[in-house]
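With chain W fixed as given, assemble chain Y onto it according to the hints.
In the order they appear, the protein sequences are chains W and Y. When you number the first sequence by this note's numbering, it's gap-free, plus one each residue, and the end is 113. When you number the second sequence by this note's numbering, it's gap-free, plus one each residue, and the end is 340.
Bear in mind the hints are in silico, worked out from the structure with no lab data behind them. Small disclaimer: the values here were computed from a predicted structure and weren't measured. There is no bait here: all hints are sound.
Computed beta-carbon distance windows for the label pairs: (1) W:Asp44 to Y:Arg241: 52 to 62 Å; (2) W:Glu102 to Y:Gly278: 24 to 34 Å; (3) W:Gln101 to Y:Arg318: 23 to 33 Å.
Cβ atoms here follow ideal geometry from the backbone N, Cα and C, with glycine treated the same way.
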Amino acid sequence: MLCLSAAAVYDQRVTSGTLIRQARTRAGLSQVQLAERSRKDRAQIARWERDAVTPSLETLRELLHVCGFDLDLSLVPYRGPDAQLEARLQKSLERTPQERLQTMLRARRR
Amino acid sequence: MAGEFDPYALLHTLERQRVTYVVIGGLGRVLHGSGEITDGLDIVPSTREENLRRLGLALDELNARRRDGKAPVLERDLAGSGVLELETEAGELKIVPQPAGTQGYDDLRRRAERPPIGQGLRPAVASVDDHARMLAALDREQDRQPLEVLQRLIEIEHEIGHVIEL
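Same shape as in the complex, but just chain W (with noise of 0.2 Å):
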């Protein structure tokens, strides 16, 4: 079964309708097939994945099975605003002024 990564998830901010959504393309199903699949109403599933309402965990893993997915959940320090700034820093001051144009002119062209 694979997993979807908790660490993934807070660090782009993916919330639970996303996952659902997510996990259910990757499968190749349709809303109406993942509602058969997991008795669940197809509605109800449309409500989800737009994050109108959010499932409990169980029934996320339940989804989520349904589609050959996993959550990965662990327990990781809270990285606040700071500690965020500081890993960006650090990453841009290992480069050379050279390298932090480009990598500023790369970011630019996406």
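Just chain Y now, with coordinates in the frame of chain W:
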């Protein structure tokens, strides 16, 4: 309308015309490691007559235009607004003869560094302390975060006891 931002093209043109200037603003901060994204080049030129003549030639070469679409007249435009915002074929170019909190080119060039940035270019870039001084003097809400980043860069520089590579 300004062309795609190409700092190398802008700097090559300034160097070709032997303009003396110091890079400030977003690009200067990027070279110091701020990690931000910027859309233009800000420079502080020497305001000596000969240098302004050379800068004028560089602006002609870059097909620089003011926001109103007219070609700049350096001495008049710099005397009027204090900051001359131009659109060029290589992106936006801002000419700031006397940035907030400084005395202009002669003040900034003393601490400026010349980092190699590729394509044989080593432009004079205002020091990280001077960048912080300019942002602090502007005292604008939009500069709060870049100023925090610069202050942290200065702290790191002091903590690790060496000058950040430039």
